[in-house]
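If you're matching them up, the sequences are chains A and B in order.
Just so we're aligned: 101 in my numbering is position 101 of the first sequence, and the numbers increase by one with no gaps anywhere.
So the number in my numbering is just where the residue sits in the second sequence, counting from 1, plus 1000.
No lab work stands behind these hints: they were computed from the structure.
Nothing here was measured: the structure is a model prediction, and the numbers come from that model.
Where is the CB? At the ideal position from N, CA and C, for every residue including glycine.
Keep in mind that a hint or two might mislead.
Quick partial rundown of chain B residues pointing at chain A, CB under 10 angstroms, derived from the structure [stated by the list, open to error]:
id, residue
1, Q1006
2, L1011
3, I1013
4, Y1028
5, G1041
6, P1044
7, F1046
8, A1091
9, G1103
10, G1105
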Amino acid sequence: EAGVAQSPRYKIIEKRQSVAFWCNPISGHATLYWYQQILGQGPKLLIQFQNNGVVDDSQLPKDRFSAERLKGVDSTLKIQPAKLEDSAVYLCASSLKEAGVSNEQYFGPGTRLTVT
Amino acid sequence: SQKIEQNSEALNIQEGKTATLTCNYTNYSPAYLQWYRQDPGRGPVFLLLIRENEKEKRKERLKVTFDTTLKQSLFHITASQPADSATYLCATSGAGSYQLTFGKGTKLSVIP
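Work out the full structure: start from the sequences and follow the hints.
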């Protein structure tokens, strides 16, 4: 079974530039998550999708971050314009939808973003 | 607000010993608690899930306990090996929710 795919693996941009990350979840997983992981911290949820609908984006800085999951499969996360404090690893995860159960999440390798 | 503390940033133990990692939470009562392993440059990997009505869960050399009175989970690795060296993350979620709140993690080093 193929895992969660993410690209690119690394990205270096200057502040105020824009950047986009791509994620392809495990086939059949209805739920997709984007996390931000700053060095030395645990992952912080940015947005959660159920199929192609947003379940929770309360921690997404909507003035500069946007995400979409067209057709309920792969997803993109965009930052425009980037700030220095956006330097982090951006992780994508997916899980099966099973009512009433907190399912394990499967993570991709992440994209390491450096903003200079 | 929800708060999770993994009160050891780093833990060094001798090979063959049992490693015990601690996860404490405050200001809420999660229905589920999960433990993940993260190696450098990789995403977290799921290890174990325990429900609030379960006291203990085991998987091979791993054991997790969940004490809702103390608001604490303990994660044990018995007969530890250098290959167990990694950062271990604790995460909680509520009933009917798929959202996880992660702790900062504990970096475990198993010394040969």
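Each hint, compared with the structure:
no.: 1; hint: Q1006; verdict: holds, 8 angstroms
no.: 2; hint: L1011; verdict: violated, 15 angstroms
no.: 3; hint: I1013; verdict: violated, 21 angstroms
no.: 4; hint: Y1028; verdict: violated, 14 angstroms
no.: 5; hint: G1041; verdict: holds, 7 angstroms
no.: 6; hint: P1044; verdict: holds, 5 angstroms
no.: 7; hint: F1046; verdict: holds, 4 angstroms
no.: 8; hint: A1091; verdict: holds, 7 angstroms
no.: 9; hint: G1103; verdict: holds, 5 angstroms
no.: 10; hint: G1105; verdict: holds, 6 angstroms
Of the numbered hints given earlier, the model fails hints 2, 3 and 4; all others are met.
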